[in-house]
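Residue numbers (our numbering), protein chains in the order written: chain S, 1 to 259; chain A, 1 to 225; chain P, 1 to 231.
Calculated directly from the structure, the hints in this document are not laboratory data.
A quick note: this is a predicted structure, and the numbers were derived from the prediction, not measured.
We treat Cβ as the ideally placed atom computed from N, Cα and C, and that holds for glycine.
Take the hints with a grain of salt, since some may be wrong.
[As the list claims (entries may be wrong)] Only pairs whose alpha carbons sit at most 25 Å apart, straight line, appear in this in silico DSS-like list of lysine-lysine:
hint : chain 1 : residue 1 : chain 2 : residue 2
1    : S       : Lys196    : A       : Lys186
2    : S       : Lys79     : A       : Lys186
3    : S       : Lys192    : A       : Lys186
4    : S       : Lys116    : A       : Lys186
[Claimed, not checked] Which residues of chain A face chain S? A few of them, derived with a C-beta cut under 10 Å, are:
hint : residue
5    : His76
6    : Pro90
7    : Glu172
8    : Ala181
9    : Pro188
10   : Val190
11   : Thr194
12   : Val198
13   : Gly201
[Said to hold, decoys possible] So the derived list for chain S, only partly shown, Cβ under 8 Å to chain P, looks like this:
hint : residue
14   : Asp72
15   : Ile75
16   : Pro76
17   : Arg96
18   : Ser99
19   : Lys116
20   : Gln117
21   : Ala138
22   : Val160
23   : Tyr161
24   : Leu169
25   : Ala173
26   : Gly174
Here's the letter readout for the chains.
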Amino acid sequence: MKKLLQSLCVGAALLGSVAHAEQVVRVGTLADYAPFEYKDASGKLQGMEIDIGKKMCDTMKVKCQWVTMDFDALIPALKAKQIDAVLAQMSKTPEREQSVDFTRIFTTAPVQFVAKQGSGITDGAATLRGKTIGVQTASTHESYLRRRLPAGKSGINVKVYQTLDEAWLDLEAGRVDAVLADNTVAYDWLTKAGRKEGFDFVGKPIADAEIFGDGTAIAVRKGDAPLKALFDKGIAQVQADGTFAAANKRYFPFSIAPQ
Amino acid sequence: MDILVNYGAQIAAGALVTLELALAALCVGMLLGIAGASAKLSGVGWLTHATYALTNFLRGIPEFLILLICYFGLSHLLNAQFDGAIVISPFSAGVIALAVVFGAYASEMFRGAFIAVPAGQIEAARAYGMSRLQTLWHVRLPQAWRLCLPSLNNMWQNLLKDTSLVSIVGLEDMLRKANIAAQFTKQPFVFYVTVGIVYFGFLAASNPVFAWLERIAGRGYAQRT
Amino acid sequence: MNDFLSLIAQSGPDVARGVWITLQLLVLSCTFAFALAVPLAVARTSERRWLSVPSRLFMSVFRGTPLLVQIFVLYYGLAQFSIVRASPLWLLVGGSFSCALCALTLNLAAYMAEDIRGGIAGVPAGEKEAALAFGMSRFMLTWFVVVPRAIGIVAPTLGNEIVLQLKSTALASTITVLDLTGVARRISIETYTTDALMLAGIVYVGITAVLSTVLKRVEGRLNRHLGSVPA
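If we strip away everything but chain S, and leave its shape as in the complex, we get (with noise of 0.2 Å):
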């Protein structure tokens, strides 16, 4: 009677684990990239891209666990299985694609550099001369100065910041003279506080598609297509049922899907 008892316990405890057995998925992000990603006073994680994530997580019926880092940090650890993928507005770009899979693009952002009003900065190369420019490491923004406007042609000094949040504090003190990011940021730091210390953007947004992509998409390890097919059916999904929509429209006054 006990060893029956026994096993159809140990039976039930089975079934319950098999039940629950979900796959888990930890996806690497930023702590610091309001609105996007950010962690707030008490250390939760929120923003826009957490909102959507954590609905596409349902939808794709796995577990996320999320994992907060810089960004230079994301694809080395994503390479060496600390992470499965990366939410943290990662542009597919042709470089990036030789060392890992890219869903398909979910949000877009122009980029444009941000100055002082009236510090006489545009995006013509002539304005920039002699300046110093922040950004983000590792992003396509560190490219493009690196490649487009390198610092013996130019004139240019590219000043790389772990985060961006370091890049608008020493915009503010003036460390820097401009930092180039993309315009969705911006504009959160602007509206919050750039704005009433007289920052704004500055000169067209610069077109580059090799350098920048067309726009932002999770990133897998490379030839791990299970995991980017169950991405790609949660992104359809959150944007076929208004999910991105209404995260966009919360945080946005603009749209930025792709078109």
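Fit chains A and P to the given chain S structure using the hints.
Relative to chain S, chains A and P alone:
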């Protein structure tokens, strides 16, 4: 000041992580130090030279660089070998990096202390039939320990200060919490000074602890007034 | 190995520039720190409270907190205040190189001052009495007898501090200074490998070895009047 209250719990949690890291690195580092000292004193030629070369090499590289190599390099290496089964977290990388550096300095410290233990006692222990390990544990270590304590205090304090470096590779310690809070609230001064004060507190608290340890270890030795 | 060699070929100039910045940080911080440490140590051992208390506080703070925290306070913390940005202080903490240099200098000065303080305590009493007997003023005693003697006593320790300072300069890379570590990190990020970091490590060990040898020679010359110790 009220933002500090908001983030207070965060900083406290980070302080706990800092302490955990320091204590873990201390334990592993001490073991490495004793092993290193034993290797240096073993009399086995190639082992002695190799250990000296290794510890001199480690003492010449910035701790920060060792940490970066541990975190990024080990991940790459382990991934190639074990295909993702073993993952190096910022905490583990921090413990390994800090313990390895601590061990390099500690091996020299222990070597000096071991030499100072009277040879007669070691001979007597061996004559009694104690194995090398038993001699180490019951005779050499307790006496060497007393001589180590002043240098150990210094090394512990350096270790505690070096734990701040691990925030750069993403460990959610005090300094990283301060970084995030500072960038979010645009008030870096308050947060960094607070973290500085907490570190100062930890270090100041270490001194009486080591004074107490020295007092206990010094029992049975005549007071030289 | 081929990758390693091509890495050296490609990024050689950047690494060389990085080494130059590291050496500048090292030499300048050691020089300024020494210049600051001597008066600091003298103030610390002074009987006048208005000298000894502030210097004690300075040394406590800079030895009792991590260098990285000091760097962040000086670089990001001070930049927060518009008063600082408008003042001459901005010349020091405005640029990342000069700010790193400031932090490294202040930090090292505190450690050197503590060492020199120990040296001052170790000056033989007989020499001090002889100086006073000769009619030297307290000022002359301090600056012409005690300080040079103390520095001679702690010269090996100060040399050690200089070698340790090389490792501290690596932290300048955290505030965008492109020293050797900063350059190595940038290369490492672009190539997704750690070869650059390991190359930087080897360069640091090389510089340490050269530095130690040079310092030993200097110590030998400094204390040559003491004669060589018989074997």
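Now for the hints, and whether the structure bears them out:
1. In summary, the hint linking Lys196/S to Lys186/A is supported, as the alpha carbons are separated by about 14 Å, within the 25 Å threshold.
2. The straight-line distance between the Cα atoms of Lys79/S and Lys186/A is roughly 34 Å, outside the 25 Å bound, and the hint therefore fails.
3. For the hint linking Lys192/S to Lys186/A, the alpha-carbon distance of about 11 Å falls within 25 Å, and the restraint holds.
4. Distance check on the hinted pair: Lys116/S and Lys186/A sit about 18 Å apart at the alpha-carbon level, within 25 Å; holds.
5. At its closest, the beta carbon of His76/A sits 6 Å from a beta carbon of chain S; the interface hint therefore holds under the 10 Å criterion.
6. The criterion of a C-beta within 10 Å of any C-beta in chain S is met by Pro90/A, whose closest approach is roughly 8 Å, and the hint holds.
7. At its closest, the beta carbon of Glu172/A sits 8 Å from a beta carbon of chain S; the interface hint therefore holds under the 10 Å criterion.
8. The interface hint given for Ala181/A is met, as the beta carbon of that residue sits about 8 Å from the closest beta carbon of chain S, less than 10 Å.
9. About 7 Å separates the beta-carbon of Pro188/A from the nearest beta-carbon of chain S, less than 10 Å, and the hint is met.
10. A least Cβ separation of about 13 Å between Val190/A and chain S goes past the 10 Å threshold, and the interface hint is therefore violated.
11. Annotation: Thr194/A was flagged as interfacial toward chain S, and the flag is violated, the nearest CB pair being 14 Å apart, outside 10 Å.
12. Nearest Cβ of chain S to the Cβ of Val198/A: about 17 Å, over the 10 Å cut. The hint is violated.
13. For the restraint placing Gly201/A at the interface with chain S, the shortest Cβ-Cβ distance is roughly 22 Å, beyond the 10 Å limit, so the hint is violated.
14. Below 8 Å, beta-carbon pairs count as interface contacts, and Asp72/S has one with chain P at about 5 Å; its hint therefore holds.
15. Interface hint status for Ile75/S: upheld, as the beta-carbon distance to the closest one in chain P is roughly 7 Å, under 8 Å.
16. Interface hint at Pro76/S: satisfied, since its Cβ lies 6 Å from the closest Cβ of chain P, which is below the 8 Å cut-off.
17. With a least beta-carbon distance of about 11 Å to chain P, the hint placing Arg96/S at the interface is violated under the 8 Å criterion.
18. A cut of 8 Å between beta carbons decides the hint on Ser99/S: the least distance to chain P is about 7 Å, and the hint holds.
19. At its closest, the beta carbon of Lys116/S sits 13 Å from a beta carbon of chain P; the interface hint therefore is violated under the 8 Å criterion.
20. Given hint, Gln117/S at the interface with chain P, is violated; its Cβ is 18 Å from that chain's nearest Cβ, farther than 8 Å.
21. Checking Ala138/S against chain P by beta carbon gives a least distance of about 5 Å; that is within 8 Å, so the hint holds.
22. Nearest Cβ of chain P to the Cβ of Val160/S: about 6 Å, under the 8 Å cut. The hint holds.
23. Taking 8 Å as the C-beta contact cut-off toward chain P, the hint placing Tyr161/S at the interface holds, the least distance being around 6 Å.
24. For the restraint placing Leu169/S at the interface with chain P, the shortest Cβ-Cβ distance is roughly 6 Å, inside the 8 Å limit, so the hint holds.
25. At its closest, the beta carbon of Ala173/S sits 4 Å from a beta carbon of chain P; the interface hint therefore holds under the 8 Å criterion.
26. Residue-level restraint check for Gly174/S holds (minimum Cβ-Cβ distance to chain P is 6 Å; threshold 8 Å).
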